[in-house]
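Residue numbers (this note's numbering), protein chains in the order written: chain A, 2 to 415; chain B, 2 to 415.
Hints should not be assumed to be uniformly reliable.
The list cannot tell twin chains apart, which means a pair is met if one copy fits it or any two copies do.
Claimed, not checked - Computed list of lysine to aspartate or glutamate pairs in DMTMM-like fashion (alpha-carbon distance at most 25 Å, straight line):
#1 Lys97 with Glu277
#2 Lys157 with Glu221
#3 Lys362 with Asp405
#4 Lys112 with Glu193
#5 Lys330 with Asp414
#6 Lys182 with Glu331
#7 Lys157 with Glu13
#8 Lys16 with Glu331
#9 Lys157 with Glu198
#10 Lys330 with Glu413
#11 Lys157 with Glu332
#12 Lys330 with Glu369
#13 Lys362 with Glu221
In case anyone wonders, no lab produced these hints; they're calculated from the structure.
2 protein chains.
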Amino acid sequence: MRGFKALTPIAEAQKVVLSALRHTPTVERIPTPSAVGLYAAEDVASPIDVPPFDRAAFDGYAVRSADTLGASRTNPILLRIVGKVLPGGEYPSELKPGEAVEIATGAPLPKGADAVVPYEEAAARGEYVEVYKPVPVFYYVSRRGEDVAAGEVVVKKGRRIKPWDVGVLTSVGIREVSVFKISAAIISTGNELVELEDAPPPPGKIVNSTRHVISALLRELGAESFYLGLVPDDEEAIYNAVREALAKFDIVITTGGVSVGEPDYVIKAVSRLRPEVLVHGIAARPGRPNSAAVVRGKPIVMLSGFPVASIVGFEVFVKPIILHMVGAKEEPAPVVRAVLTRRVTTPINVRSFVRVRVFRKGGVLYAEPLAVTGSGVLSTLTRGNGLLVIPENREGYDEGDEVDVILLAPVEDA
Amino acid sequence: MRGFKALTPIAEAQKVVLSALRHTPTVERIPTPSAVGLYAAEDVASPIDVPPFDRAAFDGYAVRSADTLGASRTNPILLRIVGKVLPGGEYPSELKPGEAVEIATGAPLPKGADAVVPYEEAAARGEYVEVYKPVPVFYYVSRRGEDVAAGEVVVKKGRRIKPWDVGVLTSVGIREVSVFKISAAIISTGNELVELEDAPPPPGKIVNSTRHVISALLRELGAESFYLGLVPDDEEAIYNAVREALAKFDIVITTGGVSVGEPDYVIKAVSRLRPEVLVHGIAARPGRPNSAAVVRGKPIVMLSGFPVASIVGFEVFVKPIILHMVGAKEEPAPVVRAVLTRRVTTPINVRSFVRVRVFRKGGVLYAEPLAVTGSGVLSTLTRGNGLLVIPENREGYDEGDEVDVILLAPVEDA
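All chains, please: the whole structure from these sequences, using the hints.
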């Protein structure tokens, strides 16, 4: 077969690229609520104790625990109710011996009090409350700092910030956080391409759809994409575009111009940048043409121009590179076990990515493999809701085999 | 216990609320690339065939299959190479008997040709190519429409649009799609609250963090949130705020003012709107105060003011309501089986949501339950990376039990 002589196994390709990276994206401080989905650029410690004061953990009566010593059902102790405190309020003076203050969950414990007797364990008698058992110090009290202590790290560097992290950060009063601002340039090549605005394309031309897929995948990953336009199939033009982009962006992504049968302008152009690392083609199906390089520590990923193959290249190169640059781990993906409805044959020594349709029938999950050859691939993206990854050491799976499938959309009912 | 008399089981609460909904969010047409993460408001059919023309599925020679009849290793058939066609190009005339055109994958098949002989199955001999075996009609040809036929639905109504859907939609030249524009009002109540801008809060006050959590969760769900501000703990003020919001937004969410021990202004205010359905409190832990109502077919969700409890209320009410309104299914969540490091005891007839820390040790996944009582809950959000849901019919799990855990962040190494 013409084209690629030696296809690099995926694990090896990733290792050689990641270990050559010497670039960290810019850090910027942004309002905490805007940080969801972005990566923390430093450890964030709480400036305060949570709770900031001792407070009631239950509705009831704030008391001095010493006052309840010896209390029992038969010999209840009577305390005088001298006030009431709600969340956001404050009891204006100090609780004296023999006194109790009605208190709601979350309200600050009055000075002098050190325990809360829940309503259930007491009974109001006009101005007084009867307590039926002795309560220990800090009974039903949330201690200052027991949840989060001042100085404690609440969000670690590299963590992808979640909605609930924002809850914690704002609760402790952190108004701004430092996050990585990851910028990705997208350069498309291919004389057969027209932009979406020019759809429908003239005969022989196709819409540049891949750039939109990659842009959306970047956004989902917390990176910002900048589309630099269509560059003609010309080595010099591609060389200039990539070189300029490399100076400005954290990662440069090209689409197209790397398939077998296409003139390899992109590979030639990138080679002229004297990369420390150049992986030309990977042992993946689909996605063989996806390539990557590292130039002075910065990554260039050369993706296939075909949407399905480009997604494989994104998963193999772009995602691990971006996570590596910001020190993050990959977020977990939903995986289910399903029964294959028919045999799938794949080449050995190649990692195959087979789109499947996962459906439930009679309480059992099945995975129907969708076309893996021919051009019948675009439709597998919308018809399929799962991805079956077949490792290099297998030549496929048999009908009836139980396989792990990555779910990309909800399971269907048969 | 004071407060809620009858807590509604979660499944029942959801059923009664969802079945009373009579509202559909507005539909708007937006550029296809902006539709990722939003919900399709109608079936989208392809206006064109994909491929739009018969094209080469492999690099080689476009031929007339009839010309290859009788070809063999010993008696190869010689065809004259009359040209070359690349993707985006076009062979200018019709292929005549005895002719071949060099063709690259994706290039349109020349008129007259009906098959592609891959390079591997032929050999160039100067101006000629030797073909060693007969090829059938459409050999290595991607037929027009074989991937997607014109008129075929590529994105179904209610589908949450994925990056690869955008690949398909733009490939077939669809520039705009109709999506649901889901608007959610957030109204916070609680005299103890101050906004993040006013942090650090004065003594006895706390930052309104819940509104930021809910806003972020809404964004992740593909809905837009509008924060209407802090409303005082006053029935009339809350009534007016909710009533006005109900007229303008698809869903109204209040935070705070529904906990036991808090004056129930929110429930009272919403009751005055004469809801068809009012669920006051659910059998959940945490999250008991979360409530919901339906007023003239539109949803109002009254969430706890505490971040952790409000997230439970979001999952129980807000998410199912929004998915129901747009006809969408819930996206799959990552679930792993892990071994509990210690016993968890939970009340019967209540669904418990226990935050856990999932870690890997010696190749085994473990789940360590984090504090479930006291105020030690905020920190469980950042310390934990998983959620263990304990159903109503169980009183917990024992140490060593294998449990299903929803992963919310990457697994840690012990």
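Do the hints match the structure? See the list:
| no. | hint | verdict |
| --- | --- | --- |
| 1 | Lys97 with Glu277 | neither (76 Å within a copy, 50 Å between copies) |
| 2 | Lys157 with Glu221 | both (21 Å within a copy, 21 Å between copies) |
| 3 | Lys362 with Asp405 | both (17 Å within a copy, 22 Å between copies) |
| 4 | Lys112 with Glu193 | between (77 Å within a copy, 19 Å between copies) |
| 5 | Lys330 with Asp414 | between (33 Å within a copy, 11 Å between copies) |
| 6 | Lys182 with Glu331 | within (18 Å within a copy, 30 Å between copies) |
| 7 | Lys157 with Glu13 | neither (29 Å within a copy, 39 Å between copies) |
| 8 | Lys16 with Glu331 | within (16 Å within a copy, 36 Å between copies) |
| 9 | Lys157 with Glu198 | between (43 Å within a copy, 23 Å between copies) |
| 10 | Lys330 with Glu413 | between (30 Å within a copy, 9 Å between copies) |
| 11 | Lys157 with Glu332 | within (15 Å within a copy, 27 Å between copies) |
| 12 | Lys330 with Glu369 | between (31 Å within a copy, 20 Å between copies) |
| 13 | Lys362 with Glu221 | neither (32 Å within a copy, 30 Å between copies) |
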